[in-house]
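A.B. asks: Letter by letter, the chains look like this.
Number of protein chains: 4
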Amino acid sequence: MKVLITGFDPFGGEKINPAWEAVKGIKDIIEGAKIIKLEIPTVFNKSIEKVKEAMELEKPDIVLCIGQAGGRYDMTVERVAINVDDARIEDNEGNQPIDIPVFEDGENAYFSNLPIKAMVEEIKGQGIPSSISNSAGTFVCNHIMYGVLYHINKTYKNMRGGFIHVPFINEQVLDKKNQPYMPVEHITKALEAAIKAAVINNEDIKKSGGAIC
Amino acid sequence: MKVLITGFDPFGGEKINPAWEAVKGIKDIIEGAKIIKLEIPTVFNKSIEKVKEAMELEKPDIVLCIGQAGGRYDMTVERVAINVDDARIEDNEGNQPIDIPVFEDGENAYFSNLPIKAMVEEIKGQGIPSSISNSAGTFVCNHIMYGVLYHINKTYKNMRGGFIHVPFINEQVLDKKNQPYMPVEHITKALEAAIKAAVINNEDIKKSGGAIC
Amino acid sequence: MKVLITGFDPFGGEKINPAWEAVKGIKDIIEGAKIIKLEIPTVFNKSIEKVKEAMELEKPDIVLCIGQAGGRYDMTVERVAINVDDARIEDNEGNQPIDIPVFEDGENAYFSNLPIKAMVEEIKGQGIPSSISNSAGTFVCNHIMYGVLYHINKTYKNMRGGFIHVPFINEQVLDKKNQPYMPVEHITKALEAAIKAAVINNEDIKKSGGAIC
Amino acid sequence: MKVLITGFDPFGGEKINPAWEAVKGIKDIIEGAKIIKLEIPTVFNKSIEKVKEAMELEKPDIVLCIGQAGGRYDMTVERVAINVDDARIEDNEGNQPIDIPVFEDGENAYFSNLPIKAMVEEIKGQGIPSSISNSAGTFVCNHIMYGVLYHINKTYKNMRGGFIHVPFINEQVLDKKNQPYMPVEHITKALEAAIKAAVINNEDIKKSGGAIC
Numbered sequence: 001m002k003v004l005i006t007g008f009d010p011f012g013g014e015k016i017n018p019a020w021e022a023v024k025g026i027k028d029i030i031e032g033a034k035i036i037k038l039e040i041p042t043v044f045n046k047s048i049e050k051v052k053e054a055m056e057l058e059k060p061d062i063v064l065c066i067g068q069a070g071g072r073y074d075m076t077v078e079r080v081a082i083n084v085d086d087a088r089i090e091d092n093e094g095n096q097p098i099d100i101p102v103f104e105d106g107e108n109a110y111f112s113n114l115p116i117k118a119m120v121e122e123i124k125g126q127g128i129p130s131s132i133s134n135s136a137g138t139f140v141c142n143h144i145m146y147g148v149l150y151h152i153n154k155t156y157k158n159m160r161g162g163f164i165h166v167p168f169i170n171e172q173v174l175d176k177k178n179q180p181y182m183p184v185e186h187i188t189k190a191l192e193a194a195i196k197a198a199v200i201n202n203e204d205i206k207k208s209g210g211a212i213c
Numbered sequence: 001m002k003v004l005i006t007g008f009d010p011f012g013g014e015k016i017n018p019a020w021e022a023v024k025g026i027k028d029i030i031e032g033a034k035i036i037k038l039e040i041p042t043v044f045n046k047s048i049e050k051v052k053e054a055m056e057l058e059k060p061d062i063v064l065c066i067g068q069a070g071g072r073y074d075m076t077v078e079r080v081a082i083n084v085d086d087a088r089i090e091d092n093e094g095n096q097p098i099d100i101p102v103f104e105d106g107e108n109a110y111f112s113n114l115p116i117k118a119m120v121e122e123i124k125g126q127g128i129p130s131s132i133s134n135s136a137g138t139f140v141c142n143h144i145m146y147g148v149l150y151h152i153n154k155t156y157k158n159m160r161g162g163f164i165h166v167p168f169i170n171e172q173v174l175d176k177k178n179q180p181y182m183p184v185e186h187i188t189k190a191l192e193a194a195i196k197a198a199v200i201n202n203e204d205i206k207k208s209g210g211a212i213c
Numbered sequence: 001m002k003v004l005i006t007g008f009d010p011f012g013g014e015k016i017n018p019a020w021e022a023v024k025g026i027k028d029i030i031e032g033a034k035i036i037k038l039e040i041p042t043v044f045n046k047s048i049e050k051v052k053e054a055m056e057l058e059k060p061d062i063v064l065c066i067g068q069a070g071g072r073y074d075m076t077v078e079r080v081a082i083n084v085d086d087a088r089i090e091d092n093e094g095n096q097p098i099d100i101p102v103f104e105d106g107e108n109a110y111f112s113n114l115p116i117k118a119m120v121e122e123i124k125g126q127g128i129p130s131s132i133s134n135s136a137g138t139f140v141c142n143h144i145m146y147g148v149l150y151h152i153n154k155t156y157k158n159m160r161g162g163f164i165h166v167p168f169i170n171e172q173v174l175d176k177k178n179q180p181y182m183p184v185e186h187i188t189k190a191l192e193a194a195i196k197a198a199v200i201n202n203e204d205i206k207k208s209g210g211a212i213c
Numbered sequence: 001m002k003v004l005i006t007g008f009d010p011f012g013g014e015k016i017n018p019a020w021e022a023v024k025g026i027k028d029i030i031e032g033a034k035i036i037k038l039e040i041p042t043v044f045n046k047s048i049e050k051v052k053e054a055m056e057l058e059k060p061d062i063v064l065c066i067g068q069a070g071g072r073y074d075m076t077v078e079r080v081a082i083n084v085d086d087a088r089i090e091d092n093e094g095n096q097p098i099d100i101p102v103f104e105d106g107e108n109a110y111f112s113n114l115p116i117k118a119m120v121e122e123i124k125g126q127g128i129p130s131s132i133s134n135s136a137g138t139f140v141c142n143h144i145m146y147g148v149l150y151h152i153n154k155t156y157k158n159m160r161g162g163f164i165h166v167p168f169i170n171e172q173v174l175d176k177k178n179q180p181y182m183p184v185e186h187i188t189k190a191l192e193a194a195i196k197a198a199v200i201n202n203e204d205i206k207k208s209g210g211a212i213c
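Here the protein sequences come in this chain order: V, E, L and H. Going by full-length UniProt numbering, the first sequence opens with residue 1, and the numbers climb by one from there. Going by full-length UniProt numbering, the second sequence opens with residue 1, and the numbers climb by one from there. Going by full-length UniProt numbering, the third sequence opens with residue 1, and the numbers climb by one from there. Going by full-length UniProt numbering, the fourth sequence opens with residue 1, and the numbers climb by one from there.
Possibly wrong hints are sitting among the right ones.
Unchecked claim - Simulated coverage check for chain E against chain V, where a stretch passes if three residues somewhere in it have a Cβ under 8 Å from a Cβ of chain V: (1) 66-74; (2) 89-100; (3) 199-209.
Just so you know, these hints were derived from the structure itself, not from any lab. By construction, the Cβ of each residue, glycine as well, lies at the ideal position given by its N, Cα and C atoms.
With the sequences and hints as input, model every part of the structure.
C.D. replies: Below, the structure written as structure tokens:
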């Protein structure tokens, strides 16, 4: 089996992106699956093109994209991506789309077809906080998740795809007051656990992970 | 013009639901539109049936559902409803669906076709904090929003629909530590502003309202 | 009986100070006590001098100072003031003392001799959230509270004094994300309740109001 | 030089106390100073007696007590302890004092005579978030800090003393929603940095560390 895992480059004034920092440290083989790591630009469209190329070239079984969610407390496995770009800040090339669909001919939304609740449980089994998230936002994170699931839906029907948001790491919060962080070692370990769960579970487990709002 | 506005009954151990408390106080006519108020049960399916009946009977131009989002700081106008019920707690009749679609034959998600950003701006124009939300959760609030938009999409194509989440009111947070609240008078005033914006704007305004994640 | 109540002028980039906005609206007579309202500058030392003058002139029975605590959720009645000025930002005249005592010959700290727990209960009795705070910070709010209690301790032994921190009001948080607020009418009503409790209770009530940390 | 460092045992329903977990891992010698570690009970008075005995026996130069502050985001070095016990929950032997002085003949408050700002800077220099706190609460943490400084003030005038609050560790927040944590390795490393700063700095540095409120 083959897993393509991506991490964004830094954006929004940050010097590093914990997503890519953590992805770099992941083992090369997990549960027998080969792990391919790819850094992608925090840029609308270009990020999707770059992942699409790797999907075409590598034919991975699983595509898992990782992004920073500054302010979140735990590893959040995303449930769904929506067909909208609505950028509060500019991406790394100055684009700031407002209320534009990611793909004109895409569904309103795509659900991740990875076993998201099994992934949450496996991460928590490693002693690291994790939960389901029902929104990946409307910036480049939702955009890449939507793009990957769109291409899976249209072209690569045997692949599975999803997205995980990770908190800030400590060096990012030294001068931010009352911001949660997670050490990069915990994020890497959690991502390895998430990959393991995705590799060994074809179907998700039945477990409440909902949010009241 | 006619506006159907609904509010849920209390749930989750609360004695009142600020949604219905605030809806009760709304004026009967706003910008010439007649306002019809309806209390609905915090119960999966039954809530949709009750709103569907009122849509059939009253033939409103706009259907706006209101729900409580304890812990939120401002009036959040929801952008999208997703096709999943995933209940962390039981509803008022003991149902707790986990990862079930709202409607088997529905889209993955429906976007509100109300002018959500104009609604946010009109509320803020009244001096009351408001923002766009990209997730209505996976409990009865997302459920009713999805249900209304499903029926609009399938049957009532001329109607417009959406959902607003409101914070706790003060009497609910007296014994909860560090929980934001909004006075019921502010919520009512904000809902009137939101209705006004929906009545007078056929198209939404172009204004960034996105979330990074 | 006579009550001197003060509110600071705006600081830290804010256009208004909710403390003074709320104080202005307080009734002139509460439980038979005459209420004297005084706006004071957000300036080290000058603020104390101005209150000291009013204490000398008016000979109030109670001195209650009010200040803004942006980010707090409820009406917080302060328990104690400490003998240190440590300013993270400049005051309104550019002073920024670091680790300087308020008064060289003062105690390390003074406890409010108002019935702080009775005040909290009376505010909550009005349906408005309130709690005890164990730190008034180290800026001008702690400074004025310390100064008032210092002068009471040294000179005006029959007076009673204290401090209440109030949250932002809505117009201040319109462009701040996820900040709690309280409407100015609630703050005014809460202050009237606090004054009532101070006027009618010579001794405080025995009720847990502690914080674990 | 000799440093006595204490950590409380678990309380409030927690199975472990991160304070003691982290203290156990500290090196035995830091900057030439011998480190003596002591677990103390989360019990009013008994905790002070136990530390007092160790102060008498070991004659340490520095006494640093460590406690859990669930909900805090960073390592908080406490500035001041106040002369009051006001317990919101029972201690580990069922005591729940309300508004009782720690020592009848003590000052209203004692300031730590450790170089608290140098300690914060040294911790941040290790890449770990830290700040000054102006309240150690009114439970057993403030109690032990007050007790140590009281005994230093009355009897052991050459000793220096202080207190640091530490966040939850990850295993404690797995089933708590949106609670910050710090890995125990970071806490241990931060405590070593704090001890180093206390050992090498006789005087504190001049650096703003204040809080507006």
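A.B. asks: Which numbered hints are broken by the structure, listed smallest first?
C.D. replies: none
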